[in-house]
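Below are the chains, spelled out letter by letter.
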Amino acid sequence: MTISAERPTQVVASSVAPPAKRGRKWTQRPGWLSQHLGMAIVGAILGYIVGHWFGNYVSSSYPYIANSGSNAIANTLGLSVGVLGWLLGIGALNYPLAKLIGREGREDAPVEGWSKYFRYTLDHKVVGMQYVVGVLLFLFTGGILAMAIRTELLNPTTHVFSADTYIKIVSEHGTIMMMMATSIVVGPLGNYLVPLMIGARRMAFPRIEAFSFWIFVAGYMVIFSALPYGGFPTGWTGYAPLQTQAGAGMVSYLLGFAVIGLGMMAAGFNIAVTIINYRAPGMSWSRLPIFVWSILATAALLTLATPVLFAGGLFGLLDKTVQTAFYVNEHGGSSYLWQNLFWFFGHPEVYIMALPGFGIVGEIMPVFTRKPLFAYKVAAAGMIGVALLSFFVWQHHLFQSGINPDMRPLFMLTTELISIPTGFIFLVGMGSLYKAKIRFEVPMLFCMALFFNFLIGGVTGVFLSDVPVNVTVHGGFFVLSHFHYTIMGGLLFAFMAGLYFWLPKMTGRMMNSRIGKWHFWTMFVFFNLTFFPMFVIGLLGQPRRVFTYATNLQGLNDFSSVSAFLLGASFLLFFANLMWSMFISPVKAPANPWDSLGLEWQTANPVPLYNFERIPVVMTDPYRYSEPGAPAFADLGEGASSSASTAGSSQA
Amino acid sequence: MTTIWVILSVVADLVFWFAVGPHMPPGRLTETAINNQKTFNVLLVLALPVLIGVWVYLGYAATVWSAKHKDAPESVGGEAARTNRKAQVWWIVITSVVVLFLAGYGSYAVVVEHGSGGGEGPNPVWTPQGAVKAELAAQSGTAQWAPGEDKPLVVQVIGQQWKFTYRYPAFGGFESAQLILPAHATIVFNVTSLDVIHSFWAYQLSVKADANPQVNDVAYTETKQTGNFTVRCSELCGIWHGSMFNYGKVVSQSDFEQWATSTESANAANTKNLPPFAWTYVPDANGTAGGLYPDGTVTPYSPSEVYGSKTPAS
Chain A
1 MTISAERPTQ VVASSVAPPA KRGRKWTQRP GWLSQHLGMA IVGAILGYIV GHWFGNYVSS
61 SYPYIANSGS NAIANTLGLS VGVLGWLLGI GALNYPLAKL IGREGREDAP VEGWSKYFRY
121 TLDHKVVGMQ YVVGVLLFLF TGGILAMAIR TELLNPTTHV FSADTYIKIV SEHGTIMMMM
181 ATSIVVGPLG NYLVPLMIGA RRMAFPRIEA FSFWIFVAGY MVIFSALPYG GFPTGWTGYA
241 PLQTQAGAGM VSYLLGFAVI GLGMMAAGFN IAVTIINYRA PGMSWSRLPI FVWSILATAA
301 LLTLATPVLF AGGLFGLLDK TVQTAFYVNE HGGSSYLWQN LFWFFGHPEV YIMALPGFGI
361 VGEIMPVFTR KPLFAYKVAA AGMIGVALLS FFVWQHHLFQ SGINPDMRPL FMLTTELISI
421 PTGFIFLVGM GSLYKAKIRF EVPMLFCMAL FFNFLIGGVT GVFLSDVPVN VTVHGGFFVL
481 SHFHYTIMGG LLFAFMAGLY FWLPKMTGRM MNSRIGKWHF WTMFVFFNLT FFPMFVIGLL
541 GQPRRVFTYA TNLQGLNDFS SVSAFLLGAS FLLFFANLMW SMFISPVKAP ANPWDSLGLE
601 WQTANPVPLY NFERIPVVMT DPYRYSEPGA PAFADLGEGA SSSASTAGSS QA
Chain B
1001 MTTIWVILSV VADLVFWFAV GPHMPPGRLT ETAINNQKTF NVLLVLALPV LIGVWVYLGY
1061 AATVWSAKHK DAPESVGGEA ARTNRKAQVW WIVITSVVVL FLAGYGSYAV VVEHGSGGGE
1121 GPNPVWTPQG AVKAELAAQS GTAQWAPGED KPLVVQVIGQ QWKFTYRYPA FGGFESAQLI
1181 LPAHATIVFN VTSLDVIHSF WAYQLSVKAD ANPQVNDVAY TETKQTGNFT VRCSELCGIW
1241 HGSMFNYGKV VSQSDFEQWA TSTESANAAN TKNLPPFAWT YVPDANGTAG GLYPDGTVTP
1301 YSPSEVYGSK TPAS
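Protein chains in written order, with our numbering: chain A, 1 to 652; chain B, 1001 to 1314.
As a list, the in silico DSSO-like pairs of lysine-lysine whose alpha-carbon atoms are at most 27 angstroms apart:
| id | chain 1 | residue 1 | chain 2 | residue 2 |
| --- | --- | --- | --- | --- |
| 1 | A | K437 | B | K1070 |
| 2 | B | K1224 | B | K1151 |
| 3 | B | K1163 | B | K1249 |
| 4 | A | K517 | A | K435 |
| 5 | A | K435 | B | K1068 |
| 6 | B | K1070 | A | K435 |
Source of the hints: derived by calculation from the structure; they are not laboratory data.
Whole structure, please, built from the sequences with the hints as guidance.
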């Protein structure tokens, strides 16, 4: 079969453009002004100062605002213009601005070496690596706050923090973790792997992709800026009127959601378009790797659900700044509006945080069981089913709120229906294990743990969806434990599986498997020891986000706290492994360390700038393990690297 | 593997249902508590075999099908490993049947138990007998309650940062920080808030209803015996959310009447200064409680809608 390997579009052309000549014209920037992280920081600071000054200037004649102690208009404008300055500094807006004034956007030649990771770059692999660092930073910040929460809960009456500080820590922990979790797989692994897995040379919208990363970082900083502003007391749910009542930190929360929301929409849009339009010849829907299916479903959710959060955040900002009354009951608004908008985004969001995990385990398990993925079509249908149904369940968060009480049986039904497609994933996982010779490498251990943990999370989810049981457990530690089991026990374990599995491809270095196993077992055991007691604590009547609690629950809380510290220590083990394996004592990874048939392992290592010498032609479905005589997954053409041929022969 | 699963599931279910189940929260103080406890137990009895099934399967896979096990089967690919129509159909049928049963059972419980103790908003659809009449009487200021009359008792729960208070319209609308209830009576809680969203969670009564400002959230229960219970706020309402709790008592009907009448007369002077009984209250924008314009330079938005407005705003 001949392959029509036409080189796609301008980006390729610009990349092969000769490097800029020495001696520059006055329109070209000198080297120290080239756009990188440093310029972004300068831009953000300048933008903040200008925006804040302008906000104070325009609102100075309104005594209510001027005398209120904190000027929400100045804060909002400061942070918004700061974000704008950040994007200008990194160069994310060069192209659209050039187009605006009628010029052709100028492309810098791709930068080599380390410095490319600190720049706005159109290479999806660099963006993927940037996301790895970004989400780990996010994760660590949230994790430290979690340690602070568990420290406070060691004793019901002796306090480490003031009530005020404590609630701000809780709120910041929730918000940071939730926003991190929406991107933790789609960002690093989705951006890095999707083009490789579908045989594409690039993303559909590389500029939008790079924009999504840099605005994600800006959003992180905006959310974090709540702490210097004095925090916000609303938890990650930000219910009005507490939101309306809260101080200056609330602006960071609302604007942070809007900013990160922009990044989520951009990322989802780009990835969905890429998957739909950039599949290699022969990559039909029924040959799409299951990870790509999960990312497609997630991207659809990101694109469709996030605008609601974005709008909700802006309404809140308008309430705080120009005194509109979207959420103010007394002035004709409704606090229910926020609850509806928030959860209309919020429930699809929890599937944004579950589906990529399912995709990772579906992708990894066949490699270690050496069997095809069981019931591939059921798995894909399950993901699409979960994604669709997730838009019809949001009011189960509001069963006791008094809103639409007669709709409760309906939302109970839709919520419980979601466990059918979720059950598909278990069918797929268990069928894939059936009578296999399983290699328990570190990624596989994390996959098995996902099924263990997510089962508990899923079953307790059915409890929560049942209105009579919900009366007992809503708003308590039971819920808290439930969603940590699904998000941390599911998504985070899957993310770890994905990192151990794909980092050798992404960095060319193996993760140490001995420390990896220690990391896995400590994380698995202490995760369960931390969160399982919380089901009991919740059933015994401890509400969420409390500063003091019943003294008879101290034993269980202490047990949970100590386990949580050890869980935190297991993350240190992970970081030690990361540092050791990547920097201190790197071991070169073989081209295909796990003997995977996946397309992403068949390009050269390190991956060339345009991924494939020739666009591969996909010949068959992706999981034909242990099947003598099966055709190779893809034909990589003449330029096929040696690693591809090795992987191709290992399947016999 | 199947044998291990069946034995473990049966044992776990029996132990749970007979030994643990009757002690599960929220206890047996009210009709709703008894029913919600039963629903929880039914769900757990269904869940245990699922949990045990998957765990046994994972454990079996991890030991017997491990590459380290000496008799581990060789992985076999091909069509047979890719699909198994029978397994898939059975899986989908069984999960669907379980799910539909649960949804049906849950809906039945909600309707029959008048909302299962959950907040039902200002216009509940599923009401116990006499509740609407009692509500109308409370609204018009003609509510009466006496032991043995078998009439529902209307109690208003007012949440504010950071405490709950209770008004008894059948006894002159006095306001108390104590929640005392008669045994063997239908209680109609009308939950509202003066500031942010709280949630009235009477744990042992198995009642939970969000307290929304300017919304009357109604929840029902029927007390079955005397006893103590805890009230906690279960919706984050600011920094002292964790300290927003108090205790209540279910006492005999005659004790209740005695407490109510004596508190009514003891509080009479205070009750006069309270705003007239209403389903919702809006704190005065210029009042000391802190309105929306604390500097006082702006006229209240709607002077008629102050704390104690007679017209329900919702």
